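Novice: Spelled out, the chains give:
Protein chains: 2
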Amino acid sequence: MSLGNPYKAQNTPPQVVIVGGGCGGIETARALRDTPVQVILLDRVNHYLFQALLYQVAGGMLDAGDIAFPIREVLQKQKNVFVAQAEVTGVDKEKRCVYVSRRKHPVYYDYLILATGAQGSYFGHDEWAKFAPGLKTLRDGISLRSKILRAFERAELQENPESRPELFTFVLVGAGPTGCEMAGALAEMVRHTLKSDFRRFDPGLTRIILVDAAPRVLPSFSPDLSEKACIRLEKMGVEVRLGHAIEEIDAEGVIIGGERIRSLNVLWMAGVKASPAGQWLGVETDRAGRVKVAPDLTVPGYPEIFVVGDTALVIGKDGKPLPGVAQVAMQGGGYAGRTISGRVTGQSPLPPFKYFDKGNLATIGRNYAILESGKLKLAGFMANLVWALIHIYFLLQKEDRFVVFFKWAFNYITQRRSSRIIEEPVMCGNTLDDTKEK
Amino acid sequence: MSLGNPYKAQNTPPQVVIVGGGCGGIETARALRDTPVQVILLDRVNHYLFQALLYQVAGGMLDAGDIAFPIREVLQKQKNVFVAQAEVTGVDKEKRCVYVSRRKHPVYYDYLILATGAQGSYFGHDEWAKFAPGLKTLRDGISLRSKILRAFERAELQENPESRPELFTFVLVGAGPTGCEMAGALAEMVRHTLKSDFRRFDPGLTRIILVDAAPRVLPSFSPDLSEKACIRLEKMGVEVRLGHAIEEIDAEGVIIGGERIRSLNVLWMAGVKASPAGQWLGVETDRAGRVKVAPDLTVPGYPEIFVVGDTALVIGKDGKPLPGVAQVAMQGGGYAGRTISGRVTGQSPLPPFKYFDKGNLATIGRNYAILESGKLKLAGFMANLVWALIHIYFLLQKEDRFVVFFKWAFNYITQRRSSRIIEEPVMCGNTLDDTKEK
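Chains as they are written, first to last, in our numbering: chain A, 2 to 439; chain B, 2 to 439.
These aren't lab readings, by the way, just hints derived from the structure by calculation.
Worth double-checking, as some hints may not be accurate.
Copies of the same chain look alike in the list, so a pair counts if it fits in one copy or across any two.
[Claimed, not checked] DSBU-like, lysine-lysine: derived pairs with alpha carbons at most 35 Å apart:
| hint | residue 1 | residue 2 |
| --- | --- | --- |
| 1 | Lys131 | Lys105 |
| 2 | Lys378 | Lys105 |
| 3 | Lys78 | Lys148 |
| 4 | Lys80 | Lys236 |
All values derive from a computational prediction rather than experimental measurement.
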């Protein structure tokens with residue numbers, strides 16, 4: 002293996018470089034388990050993140066370590082994998098190498114898989130980012146938790162909390178799964194968990210406003226399930242405002258439908274754009290930055306380069322692009338791995354990639370979920386049980402499954418939240434800023 | 002209650018301000034449970050930290066949320082307590098008020114308890130701080146974990162790891178409980194947990210050097226137990242160097258006994274000094290900054306101000322100052338609370354504070370501990386069981402007890418570590434810096 006060496010030694014196995022240790026990258030590596038190749042997996046962080054539960058870290062139900070696992074450990078037994086914590090900065094398609102920050106030498110590949118996922122997109126308003134943090138990385142989840150808990154700490158310190166509604170008004174932009182799940186978690190937090198924690202401020206005053214330009218919540222579900230989820234959210238006290246795009250986000254709050262809403266807690270649960278893999282490659286992308294790949298997930302003209310998951314634009318059988326969900330990334334990663342394996346071992350090529358949609362799930366608060374799989378539609382407590390089982394199953398490690406199950410059971414029964422720690426001291430935030438106090 | 006109001010309303014209960022939500026502060030608040038007073042507890046962070054297990058967060062055995070609990074939740078049921086996340090900046094003994102950063106108004110008190118703990122002290126060499134991080138706050142624990150794991154990530158990325166011993170040489174300064182427990186945890190981590198995780202770098206190469214100017218490790222124990230702990234550490238591969246003070250710490254490593262040791266991983270497990278409470282008060286302190294208190298833990302001349310825990314200098318019956326341990330803080334806090342309660346309800350004063358030493362415990366790795374209580378001395382696996390039981394008992398919340406117990410059992414059986422996440426991406430660190438590669 003020649004990470005730092007510009008020349009590949011002769012008689013070494015083909016070198017497969019995977020960029021990204023998310024669902025797509027991990028599945029690619031696993032599919033190459035028994036293939037005589039050297040896999041090099043590069044990621045900026047040392048952990049695989051189970052993103053579907055990230056909102057629970059933000060909501061104080063789970064700890065960072067419950068939903069993140071060292072990539073090194075996940076692939077520990079697979080001896081043909083070399084894992085490196087590294088920031089990729091570019092790709093040279095002709096020299097077949099990947100550039101990495103702060104390293105003299107590039108990393109050479111025989112096969113390259115780009116599985117770098119997506120990042121937050123503010124629809125051309127990058128200036129909104131500082132007022133409305135998103136929820137993509139583990140750091141985001143921990144920061145968002147601090148932001149939410151600090152808002153209540155600040156409200157408690159006011160002589161007259163009611164006079165500062167911007168402290169306890171939450172605006173969630175985007176009514177997709179993340180936005181709806183976060184809104185449900187927040188609603189329960191203020192109505193149950195925090196109920197007895199404050200002396201001056203009544204957490205029940207909290208306003209949670211869920212905003213989307215689309216005409217319904219959770220548009221990936223059928224309209225009747227969307228409707229049920231929306232009713233459930235409203236029952237829990239969430240104000241759902243559909244059909245209006247956000248016009249402005251600033252230090253005071255947001256403007257929507259011409260109305261200004263004062264809020265210091267604007268959370269960006271909306272649009273994502275692909276990571277810069279398309280720019281690295283210098284190839285054609287769609288407006289969201291996704292790379293237009295061939296039916297076998299390779300980059301046209303470069304059969305040794307695969308793009309999988311949120312970074313790839315793949316057209317499904319209904320003519321629409323496949324959604325940016327974990328299932329697509331996992332299936333794509335597995336397909337890319339099997340394709341490489343077939344080529345290395347001299348088998349006939351696989352048929353084009355076909356996505357099998359196992360269904361859709363979203364949970365609203367602690368005992369309601371909606372589920373849609375083929376013709377099956379389910380809403381309510383049973384769907385929530387299915388949701389919980391599936392998510393626990395997909396946690397990669399046995400121990401985490403157990404801890405998460407226990408914490409959920411505990412949270413469910415006691416209505417408490419086990420993980421309500423603000424890691425930073427007050428000096429980093431502005432909890433005590435009462436200069437605006439009225 | 003008048004947090005932000007400079008004038009105390011008439012006919013309101015006496016106001017007790019507690020600064021610090023550690024063992025001392027929490028016990029003071031609890032002792033005032035049934036007393037007709039208004040308690041205001043101020044802390045920079047929103048959590049109580051179980052410091053005795055902080056080294057396990059640094060060592061990747063536990064998560065932040067396992068050993069930290071929201072102060073608000075701990076005191077949730079005690080209705081006469083108001084908790085505020087606030088940074089105290091000074092005290093006015095004559096006006097009887099506490100100044101808080103970024104607030105217009107001070108907080109007035111009838112009784113004041115300063116339980117602000119200790120902070121790292123570099124023996125007059127503050128310039129060492131940036132090379133040798135300490136272990137006092139939750140943030141310290143998380144940062145130290147990242148530093149340790151990053152060192153191995155960097156070693157793995159070298160073409161020839163053996164040529165960069167400074168990457169995997171750890172120097173722990175201070176052979177008290179924190180230093181010894183951390184050394185034991187590190188030794189096990191490299192010999193068991195990380196054994197199969199790397200491809201180029203052999204974690205078994207790691208050097209762990211424990212340094213102290215004192216002639217023996219764990220000087221708070223009797224010499225024979227110290228000796229046993231030392232032998233155990235050496236058996237685990239820790240190099241123990243006693244009787245030599247650190248002469249220099251810089252970007253390259255340390256100098257000790259005239260010898261330079263190259264190390265990028267110097268950890269400060271040594272000296273603490275009291276928090277600046279003595280400066281706030283403008284009263285007499287010892288060299289470590291501890292306030293010289295009267296036998297009833299009050300500040301001479303100010304019977305309404307109590308100082309408890311690491312911030313106070315209290316002389317024990319053996320004529321020596323009481324050590325900076327949790328037991329002293331808890332007993333001091335309870336005593337201060339009961340004294341105030343007695344005064345408010347008009348009872349006769351308590352006898353002077355007397356510390357009852359329940360004993361001393363330290364653990365070395367996963368199945369060895371030493372224990373000393375009165376004439377009882379124990380070393381080995383049984384002492385480790387006692388250690389585990391006592392620490393689980395003192396975790397404040399039922400759920401955390403269960404999770405910690407489960408994680409310990411899991412770590413013990415599998416020799417894995419459940420919490421090996423580096424929260425920040427590589428860009429914040431310098432994992433990939435190979436410019437010095439040889």
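Novice: Does each hint fit the structure? Answer for all of them.
Specialist: Verification of the supplied hints:
Both within a single protomer and between protomers do lysine 131 and lysine 105 lie at most 35 Å apart by alpha-carbon distance, with minima of 34 Å and 27 Å respectively. Taking identical chains as interchangeable, the C-alpha atoms of lysine 378 and lysine 105 are never at most 35 Å apart, the minima being 55 Å within one chain and 57 Å between chains. Taking identical chains as interchangeable, the C-alpha atoms of lysine 78 and lysine 148 lie at most 35 Å apart only when they sit on different chains, with a minimum of 25 Å there against 39 Å within one chain. Only between protomers do lysine 80 and lysine 236 lie at most 35 Å apart by alpha-carbon distance; the minimum there is 30 Å, versus 52 Å within a single protomer.
Consistency with the previously given hints fails for number 2 only.
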